[in-house]
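Chemist: The listed protein sequences derive, respectively, from chains A and B. Its first residue numbered 1, the first sequence is counted upward by one per residue in the working numbering. Its first residue numbered 1001, the second sequence is counted upward by one per residue in the working numbering.
If you're looking for bench data, these hints aren't it; they were derived computationally from the structure. Given the structure is predicted, the values throughout are model-derived calculations rather than measurements. We treat Cβ as the ideally placed atom computed from N, Cα and C, and that holds for glycine. Just to be clear, a hint being listed does not mean it is correct.
[As the list claims (entries may be wrong)] Lysine-lysine pairs mimicking DSBU-like chemistry, simulated, CA-CA at most 35 Å apart:
| no. | chain 1 | residue 1 | chain 2 | residue 2 |
| --- | --- | --- | --- | --- |
| 1 | B | LYS1389 | A | LYS100 |
| 2 | B | LYS1020 | B | LYS1038 |
| 3 | A | LYS100 | A | LYS190 |
| 4 | A | LYS116 | A | LYS136 |
| 5 | B | LYS1090 | B | LYS1038 |
| 6 | A | LYS116 | B | LYS1389 |
| 7 | A | LYS108 | B | LYS1389 |
| 8 | A | LYS226 | A | LYS18 |
| 9 | A | LYS190 | A | LYS5 |
| 10 | B | LYS1389 | A | LYS136 |
| 11 | A | LYS136 | A | LYS100 |
| 12 | B | LYS1057 | B | LYS1046 |
[What the hints assert, rightly or not] From chain A, some residues computed to sit far from chain B (all C-beta separations above 10 Å):
| no. | residue |
| --- | --- |
| 13 | GLU13 |
| 14 | SER69 |
| 15 | ASP214 |
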Amino acid sequence: MLEIKNLHAIVAEKEILKGVDLTVNDGEIHALMGTNGAGKSTLSKVIVGDPSYQVTEGSITFNGADLLSMNTEERANAGIFMSFQQPIEIPGVSMANFLKAAVNAKRKSQGLEPMKASEFLSMMRERRKLVEMDNKLINRSVNEGFSGGERKRNEIFQMAMLEPTFCILDETDSGLDVDALRIVAEGFNKLRKPDTSAIIITHYQRLLDYIKPDFVHVLLDGKIVKTGGPELARQIEDNGFDWIKQSI
Amino acid sequence: MQSEKQYIELYQECREQILKRSCAVMNDVRDEAFNRFKSAGFPSQKVERYKYTDVDKAFNPDYGILFTPLGIQPSRYLFNIKEAPVDASKYYNRIADQNDGVTLLNTMLAHECLMVYVPKNTKVEQPLSVDNWIKGEVPSMMNRRILVVMEEGAEATVIINDHATDPQQFLTTQVVEIFCHDNSRLDLYDIEETTPQMRRFSNVYIQEGRDCNVRHTCITLHNGQTRNTCDVMMQGENAEATLNGCVIGSGTQHTDNNTLIRHSVPNCRSEELYKYVLDGQATGAFAGKILVDKDAQKTSSQETNANLCASPESRMYTQPMLEIYADDVKCAHGATVGVLDEAALFYMRQRGISQEEARMLLKNAFLGQVVDQIAYEPLRTRIAVKVEKRFRGELKKCEECKLCK
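Isolated chain B (complex conformation) (with noise of 0.2 Å):
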C-alpha cells in the first residue's frame, strides 16, 4: 500500500482552499512540511518508533477531509492562532518532529490552530478544558493543531477531551506543541473515548526551561487504534517532568504509547508510569526511553510500565529503554506484564463476590495507581467513575458530553 498517494494530490488539489482557511503563521511552513512528506513518507512498521503501529494502513481508506471551524469558548487564555496575543511564528512547528510523517501531514492539512496562552506569572485557577469532537455520516478525517506557551511563572491545567459516537470510520491526527518557559508549571490531561471504529494519532512535543515542572497525563478509557506519542525536552536545569498514563483495552482494541525524554542539562527528574489492562483480544505496545545527554549530570529518572493481560487473547509488548552518557546519574526503568491474581480472586469469591465482580474490582485497583495522581480533584473523581464504569461495561460513549448526543 501507499497511502502517502492520495494525500500528496489531496494537498494539490486543496492547497488554495486551504491556504484560505488559513493563517499566515501556518501557511508559511506548510509547502515545505508538504515537500517533507512527499519525500519522507508515512513511517513504515521497519521504523523503530512505530514498530507496533502500521500508519500506512491506517491511513489508506479515502476519508473525507473535514475543515470543522475552531469553536472557541471565549476565554483569556484559549485563542485561535490567527489571533495569537504574541507572536505565534516564534513557536508554531518549532518543536514539532519534522521528520515525523504524520507531524508533516499534520502540519500540511491543519487550517487552524488552537492556542493556550499564560502570560507571565498568571496562575489560572480554573482548568482550561478543550473538547474535541469528530461526527459525520462518511468515513472523515480530522487534523487538530495545538499550541500551549507558558510565559515565565505561569501555572495552569489543561483537560483535552476526545471524543466521538459515531459509529463511522474516523482518523484524528493531532500535534500539540507546548513551550514552558522558565519557571513554569503545566498539569496536562489527554482524555481519548471514542469508537472501535477510530483511528487516532497524536504527537505530543513539549520544551521545558528552567525549574519548571510539566506533568502529562495520558488516558485511553475507549478507542479503536491509537497512537500517542510524547516527547519531552528538558533543556532548563533544575526541572521536573512527569509522565503518566492508563490505557483499558477491550475487544480488537489497539493502544500503542510511545514517549521519550531527553535530559539535555544537570539536574532535572524526570518520572513516568504507564498501565495497562487489557482484555478479550485487545493489544496494547509501550516503548519509552529516557535519553539522557553527556551534561546532564545528576539526572534523576524513574520508568515504570505495568500490564495486566486479564484475558488468554489480549497481547502486551513492553519497551522500556535507557540511554545514558553521562556519568553521574540515578535513572531505573522497570516493565512488568502479568494476569489477575488467582489468589485473590478465589478470596474474594470466597466472601461471595461474584467472579465478575472480583475481576472488576482487581482491574480497578491495578490503575488506582495512575488514577490517584491525578491532581485535579474533580477529575479524578470522574475518571475514577468512568474507569469502572468502562470495567463494567456501561462506557459505550462519552455520555456526559452534550455534543454527542
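Here chain A stands alone, though its shape is the one from the complex (with noise of 0.2 Å):
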C-alpha cells in the first residue's frame, strides 16, 4: 500500500529525514516509535503533504502511485487520513459544514454525486456513536470550545465519517485519560476494515495495548534504526532508547 524509499526532508532549512525506508502492506498496523525531534510528525507530515516541508530526495508511492506529486487534498481523497497531534480549532466553521466539505469533496473525486443531506445527517449520527461524542459538539464550530480529549476523539470520528485506507495516529493517545483512550482504540478498531493500513506514531506501550501492531519500529534521528514486532515496544517501555542508540 505505502512504499518509502529512502526519504530525505528538510523543514526551514533543517533536514530532518535523512534516509527513511518504510513499506507498509495491506491491513498492517506499524508502530513507531522515538525520542522527541527524532523525525516521527515529521514522517507524518511529509507524507499527507505539509507544504511547510520539503522533501529532498527519495520517493513514496501509494497504491503504486507517486504521492509526492500528489497535493494535499488528492493525497487525502486518495484514502490517506491523518490524525492530528494538535487539532485545529476553525471558529465559524461548523462541524456538519466541514464534514459536509470532507465527505463531498471526496465522492466527487470519486464521480459521485454530493450526498443528499438526510443520508449525511443519518451517517453523521451513527458515526458519532461509535466513538461516543456528545452531539452539543457537533453543533459547534470545529473544535471551538473542545477539551484536548473531545478533540483527540473528534479526530477518529473524522475518521469514521471519511473512511480512510490509510491511516496515520500522530499521538492520539497524549492528552486523553485512560477511559478516552479505550473509546478512542475501540473506535479505531470497529472502524477498521481488514485492509486497512495504519502507522501509530506513540510514546507508550498502553494504545498498543489496545491496537495491536505488526510492527514496531524506532527511528531516531531521521533515520529507521530498529524493527521489530509488539515485543520491542515493551522493551521501549521499560528501558528507553539508550540501548538502541548505543547498538548503532
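Take the two lone chains and join them into the complex the hints point to.
Modeler: Okay, structure coming up:
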C-alpha cells in the first residue's frame, strides 16, 4: 500500500529526515516510536503533504501512484488520513459544514454526486456513536471550545466519516485519560477494515495494548534504526532508547 | 482637477428645471446648499474623514444627471416627501452635515425624497423595503434622498437595497436622515450589490432620543468604489446604537466606511463591529470615531474592526478612534488585520477539502459574526447565501432582482 524509499526532508532549511525506508502492506499496523525531535511527526506530515516540509530526495508510492506529485487534498481523497497531534480550531466553520465539504470532496474525486442532506445527517448520527461523541460538540464550530480529549475523539470521528484506507495516528493517545483512550482506540478498531493500514506514532505502550501493531519501528535522528515485533515497544517502555542508540 | 466646476454650472443651468420637478420643502434649502457647495467644494484627501477616498476623481467624469421619478409601492409608511403626512420641513436637511461637500451636492441636486414615516406607538411588522436601481447606456449620476421619521414608541425594520448591473460608469449620492423620537426602535439595513464601474457615496445621519434602539447594518457585497458615512447623534439618555458592517472586496474594488458615534448625554450604549474580507487588489478603509462629550457619563461603548487580507496585494487601512471628555465611562476599541490561517487551511485540505473551498469556508466564517447578527431572519438567510455565492465568484449581479434583468 505505502512504500517509502530513502526519504530525505527538510523544514526551514534543516534536514529532519535523513533516508527513511518503510513499507506498509495492506492491513498492516506499524507503530513508530522514537525520541522527541527524531522526525516522527515530520514523516507523517510529509506523507500527508504539509506544504511547510520539503522532500529533497527519495520517493513515496501509495497504491502504485507517486504520492509526492499529489497535493494535500488529492492524497486525502486517495484514502490517507492523519489524526493530528494538535487538532486545529476553526472558529465559525460548523462541524457539519466542515464534514459535509470533506465527504463531498471525496465523493467528487470518485465521480459521485454530493450526498443527500438526510443521508449525511444519519451517517453523522451513526458514526458519532462509535466514538461516543456528544451531540452538542457536533453543533459547534470545528474543535472550538473542545477539551484536549474531545479533540482527539473528534479526530477519530472524522476518520469514521471519511473511511480512509491508510491512517496515521500522531500521538492520538497524548492528553487522553484512560477511559477516553479506550473509547478512541476501540473506535479505531471498529472502523478498521481488514485491508486498512496504519502508522501509529506513540511514546507509550498503553495505546498499543488496544491497537496491536504488526511491526514496531524506532526512528532516531531521521532514520529508522530498528524494527521488531510488538515486544520491541515493551522493551522501549521498560528500558528507553539508550540501549538502541548504543547498539547502532 | 476641479470637479466642482461642472456641478456649479450644471446647477445654474438646470436650477429652474429642478425646482419645477421638486417641492417646496426641498427647494427651500436648495440655494443655500448651492452657495455653500460653491465656496466649500468637494473635500480633498487632506480632510481627515476623506483621507482614503478621492472624491474629486470620482466626480470628475461627465455624467448625465438622471431625474428618475420615485416609484413607491403604495404603503402606509412610505411617502413621496411632497405627500408627507407631517410637516417634513421640521426634519428635512436638519441633521445632514452642512459642511460635507457630497451632502451639499445632494441637497442641491436631489429632486425627490422618499420619506419613511412611522406614527406614534406603531409597530410595523413587515420590513419596509426600498430598492434603488440605476440603469443606462451612458455615464450617469443619480442623487437619492431618504428621510426616516420614527415617532415616539414606533418600531420598524427598513431594508435599503442598492442595485446596478449595466457595465456603465455610474455615480450615486445618497443622503439618509433618520430621526428616532423617544423610545422608538429602528433596524436599518443598507445593502450594496452593484458593479465594478459604480461609484457610490452614501451619507447617513441618525439622531436618537431617549430610550431608543437603533441598529444600522451596512453590507457591501459587490461594488466599484464605495464611500459610506454614518453619523449617530445620541441625544437622549438610555439609548442604544449598534453599527455593524461587512465588506467583500475583490478585483480593484475600494470600500471606505467612516463612522461617528457621538454620545452627548449620560447612560447610553453603543456597539460597533465592521469586518472586511479583501482579495485580489481590493482596498478597504475603516475609520470609526466614538466621541464622548463631557456630560455623557456612564457611557458604554465597544468598537471593533477586524479584517482579513486574503491576498498579498489587498490592502486595509484602519483607524478606530476614541475621544473621551467624560471621566466615568467604559469604552474600548480595537482593530486587527490578518491573513487566512495556514494551519486551518492545511487541516481542511488533509480532510480532502480543496484549497479553494477551504479558503471560501474560512472567509465565509469570518463574516459570519456580522451576518449572524442580522435580526430579521429571512434577510439573514438571504445574505448568508449571497455571501457564500460571492466568495464562490457566483454573485456578479443582483440576480434575484427582477428590475435588473
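Chemist: Hints the structure violates: just list their numbers, smallest first.
Modeler: none
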